[in-house]
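Novice: Read top to bottom, the protein sequences are chains A, B, C and D.
Residues 10 to 90 (the numbering used here) make up the first sequence, in order.
Residues 10 to 90 (the numbering used here) make up the second sequence, in order.
Residues 27 to 185 (the numbering used here) make up the third sequence, in order.
Residues 27 to 185 (the numbering used here) make up the fourth sequence, in order.
Don't read these hints as lab results, they were simulated from the structure.
A few of these clues could be false.
Computed list of lysine-lysine pairs in BS3-like fashion (alpha-carbon distance at most 27 Å, straight line) [said to hold, decoys possible]:
| hint | chain 1 | residue 1 | chain 2 | residue 2 |
| --- | --- | --- | --- | --- |
| 1 | C | 161 | B | 26 |
| 2 | C | 174 | C | 95 |
| 3 | C | 95 | C | 161 |
| 4 | C | 95 | B | 26 |
| 5 | A | 26 | D | 95 |
| 6 | D | 95 | D | 161 |
| 7 | D | 174 | D | 161 |
| 8 | C | 174 | C | 161 |
| 9 | A | 26 | D | 161 |
| 10 | D | 95 | D | 174 |
These numbers were taken from a predicted model, which means no experiment stands behind them.
Residue-level listing of the chains:
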Amino acid sequence: MDVLYFAWVRERIGLPKERVDTSAATVMDLVRELSAREDRYALAFSDLSALRVAVDQELSDFDAPLGGVREVAFFPPMTGG
Amino acid sequence: MDVLYFAWVRERIGLPKERVDTSAATVMDLVRELSAREDRYALAFSDLSALRVAVDQELSDFDAPLGGVREVAFFPPMTGG
Amino acid sequence: MAMAAPEIDIRVQDAAFDPGALLSQFTPHAARAGAGAVISFTGLVRDLPGATGGLSRMVIEHYPGMTEKALHDIAQQASSRWSLGPVLILHRFGALTPEQPIMMVATASAHRADAFLAADFLMDYLKSRAPFWKKEFTADGAAWVAAKDSDEDALSRWR
Amino acid sequence: MAMAAPEIDIRVQDAAFDPGALLSQFTPHAARAGAGAVISFTGLVRDLPGATGGLSRMVIEHYPGMTEKALHDIAQQASSRWSLGPVLILHRFGALTPEQPIMMVATASAHRADAFLAADFLMDYLKSRAPFWKKEFTADGAAWVAAKDSDEDALSRWR
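Next comes chain A alone, as it looks inside the complex (with noise of 0.2 Å):
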């Protein structure tokens, strides 16, 4: 599947999107697997509650099921208006 990240999540993590192998079965699962990879990773996951998830375009929550999800997004609280 497509990870996207934007602002300063995109920023520490060096990238705004990659393309990932995973069998994660929820948002949570992918979090873990992706914080375990490397420090960059880490550190813009460590406080979830500064952070928000849209599964394949539309806000959701880390509890979400994968099953079938072709794009997931990582971002902080927006700002737009």
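Got chain A; can you put chains B, C and D on it based on the hints?
Specialist: Here is chains B, C and D on its own, set in the frame of chain A:
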């Protein structure tokens, strides 16, 4: 003093403005004086709850004093906006 | 934030106007005063689908002299209640046709709540406190628009 | 009144825009749909007087694809809650300078309350539900604008 009429008050009385020489002490006294003149005045002033009054171009009340006043206007509730 | 002293622009005119053209002038002006939010409200003449042939025209009468003072006073009240940038009120008089703009208010503030509340306040006061009267003309005849009790009641929100 | 089916116009662009030019297009369109009231809200980039040399620029990042869907969804929600004519939402991304317009919403309705409430609702939802992130650049450095708890709290007004 100048007495002005607007909207249907103007139409009922049949003129937009007239000069009135009066010793009326209050707006209410002026209304009684005008109503005694002719039916068209009596008709226009028959229901004071449907009228508003401005004294020297400020919204006012029927018991307002007229000493030193130059201009009194009678009209229905406003419908701008 | 400290906004520049509010500048009040009152226009009472019989000429038609384009609300967009006014907003194009107002917005940079508000921006220079430090505004982060600009609200415009435009009132339009609505047709009367119930009347034979619809509304042919609306004629707005006003009280020259008092009108400008009343609008200025309403704008001043808004500026003293909220932290505002410039304030614009334009109201037409004379003959209008359906779909034409009747009036417009524009407000600006650092944060959106002030400009929203001020625009709402200006509209409520303008409806019941500015000396305008609307008359509607249809094939069936002409009639003065009646004030609504709800217009007067709306003012109690602001006391 | 029966307003025409609402037409939703969503624009996400890096180009600068003139809110007045959009209002000039929107207003006759709203009038033809039977609207008596048109509201526009414009958000402007405010300077940062506390920062050395002020704000040099703001950069807005967004999530292409999701942004358009989120804005469309917010506009649909407004149209289903209130009796609206056309709805416009425009939001810029990319680099902006102080005093430039960031975004605009325009709403229209037969009577003013619906358009006012809908514009306020659109702004509240847009702030917390549309994927935009602002970064401010000054001589002291760059910083992502932090979301306010009050932005999230504002949504509870509409539940």
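Novice: Now tell me, hint by hint, if it's right for this structure.
Specialist: Tested hints:
1. Annotation: proposed proximity of residue 161 of chain C to residue 26 of chain B holds, straight-line Cα distance about 19 Å (limit 27 Å).
2. Among the hinted pairs, residue 174 of chain C with residue 95 of chain C is consistent with the structure: their alpha-carbon atoms are about 23 Å apart, no more than 27 Å.
3. Restraint check for residue 95 of chain C and residue 161 of chain C: the C-alpha separation of about 23 Å stays at or below 27 Å, so the hint holds.
4. Taking the CA atoms of residue 95 of chain C and residue 26 of chain B, the gap is near 20 Å; set against the 27 Å cutoff, the hint holds.
5. A threshold of 27 Å between alpha carbons decides the hint, and for residue 26 of chain A with residue 95 of chain D the separation of about 20 Å falls inside it, so the pair holds.
6. With a C-alpha separation of about 23 Å, the suggested pairing of residue 95 of chain D with residue 161 of chain D holds against the 27 Å cut-off.
7. Distance restraint check for residue 174 of chain D and residue 161 of chain D: the Cα-Cα separation of roughly 15 Å lies within the 27 Å cut-off, and the hinted pair is therefore satisfied.
8. For the given pair, residue 174 of chain C sits about 15 Å from residue 161 of chain C by alpha-carbon distance, which is consistent with the 27 Å threshold.
9. In summary, the hint linking residue 26 of chain A to residue 161 of chain D is supported, as the alpha carbons are separated by about 19 Å, within the 27 Å threshold.
10. Taking the CA atoms of residue 95 of chain D and residue 174 of chain D, the gap is near 23 Å; set against the 27 Å cutoff, the hint holds.
Every hint, counting from the list given before, is met by this structure.
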